[in-house]
Amino acid sequence: MQSKRIRLWDLPTRLFHWILALAVAASVASGQVGGNWMEWHGRIGLLVVGLLTFRIVWGLVGSTYARFAQFFPTPGKIKAYLRGEWCGEGHNPLGALAVFGLLGLLTVQVTTGLFANDDIAFTGPLSDLLTKGLSNQLTGIHHLLTNALYVLVALHVAAIMFYAHAKKQNLVRPMVTGWKEDGEGESARGGGFVALVVALLVAVAVVYGASGAWLPPLPTPAAVETPDF
Amino acid sequence: MKKQLALAALALAVAGTASAQMKPEDAIKYRQSAYGAMGWSMARIKMNVEGTFNKEDVIKSANVIQAIANSGMGSLYLPGTDKGTGWEATRAKPEIWTEKEKLGKAATAFNKEANEMAKVAATGDAAAVKAQFGKLGETCKGCHDDFKAKN
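Protein chains in written order, with our numbering: chain S, 1 to 229; chain P, 230 to 380.
There could be a bad hint or two in this list.
Distance condition first, Cα-Cα at most 20 Å in a straight line; then the derived SDA-like pairs of lysine to any residue [unchecked claim]:
1. Lys132(S) / Ser262(P)
2. Lys258(P) / Gly133(S)
3. Lys331(P) / Val33(S)
4. Lys364(P) / Ser30(S)
5. Lys132(S) / Arg273(P)
6. Lys289(P) / Pro323(P)
7. Lys275(P) / Pro125(S)
8. Lys322(P) / Pro125(S)
9. Lys132(S) / Asn147(S)
10. Lys379(P) / Gln32(S)
11. Lys289(P) / Phe229(S)
Just so you know, the hints here were simulated from the structure itself, not pulled from any lab data.
With the rest of the complex left out, here is chain S (with noise of 0.2 Å):
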């Protein structure tokens, strides 16, 4: 096939994938300050949790390659992907498995942030509602997969270097500018403004959720009477 200039990625992926990344950067260095810093972690917790909602949601209504069905990594294409026989446009089959990797993980990670708390000052929104000994135990995961996620993040730095040296395919151009210069597919398709709408204001609705505005509030010792002493 001839290969020409095509669109590949739509704007609301590139511009969810840019945020996520200053955002998780964001996050890992705040929460390893903590102290005052840990307002902004968990703020940071929030944006990361409609980042998520938004990308599963337009994983299903946004543009052509950034549909979830399209790169589904089966077994079947990652076994063609390392034999050197899979042709296709978007993620690789490889590539998909390090995008639901990472998705996956951030998920477990803003959920159980979500629920957390540091002993010292700071609780997640949610943490009222489990017990501490729960809350304890999802903050011990909290902790323990920011090391998968240095793991994940690095190798997928890697690969792009990987790519970008060994195989002399630039994947970064096209996540900055959507284009892809000597593409052998189809320009994508769809994601269009309702579907974008609709990912936002879901994205907005499970926000709300995850920062417990909703909860009742607890009585302050200001407003209540308490014994003089």
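With chain S's structure known, arrange chain P on it following the hints.
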């Protein structure tokens, strides 16, 4: 003379056993209670920083943390009390007894910021209290990260 020496030796022995006789279960309980009191104090400072700032409440809380930080809590970490149950199962990690230098640094950092917290609280400057509260929290984390099991 001999009698005096014997008495002194006896006194030393009694004193020695008295400090060694704390029940491990009690030591763990005292530890957990002290951390609980500091948890309350941290929460109260946070409430004041985020809501209406009450200088007196912040001073009280900062003083509690300072007092506990300077109370010599290390003596409650009896050998073998990385296991056992006080109010709940202890989350003290065995590294407390093996990585003394690292622990010492973390504890000293906490001590310093706890003393500073009390000083800053006395000024009643809400912004400075918030900043120092963050610094203090970072030193709590300094210990939790390496010496406190997550569950």
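Status of the hints after comparison with the structure:
1. With a C-alpha separation of about 16 Å, the suggested pairing of Lys132(S) with Ser262(P) holds against the 20 Å cut-off.
2. For the proposed pair Lys258(P) and Gly133(S), the alpha carbon gap of about 17 Å is at most 20 Å, so the pair holds.
3. Note on Lys331(P) and Val33(S): the hinted pairing holds, with a Cα-Cα distance of about 18 Å set against a maximum of 20 Å.
4. For the proposed pair Lys364(P) and Ser30(S), the alpha carbon gap of about 13 Å is at most 20 Å, so the pair holds.
5. Proposed proximity of Lys132(S) and Arg273(P) is supported: the alpha carbons are some 19 Å apart, at most 20 Å.
6. Restraint check for Lys289(P) and Pro323(P): not satisfied, since their Cα atoms lie roughly 33 Å apart, outside the 20 Å limit.
7. Of the pairs offered as hints, the one joining Lys275(P) and Pro125(S) holds, with about 15 Å between alpha carbons and a cut-off of 20 Å not exceeded.
8. A distance of roughly 28 Å separates the Cα atoms of Lys322(P) and Pro125(S); the hinted pair therefore is violated under the 20 Å criterion.
9. For the hint pairing Lys132(S) with Asn147(S), the CA-to-CA distance comes to about 24 Å; that exceeds 20 Å, so the pair is violated.
10. A distance of roughly 15 Å separates the Cα atoms of Lys379(P) and Gln32(S); the hinted pair therefore holds under the 20 Å criterion.
11. Under the criterion of a C-alpha separation no larger than 20 Å, the hint pairing Lys289(P) with Phe229(S) is consistent with the structure, at around 12 Å.
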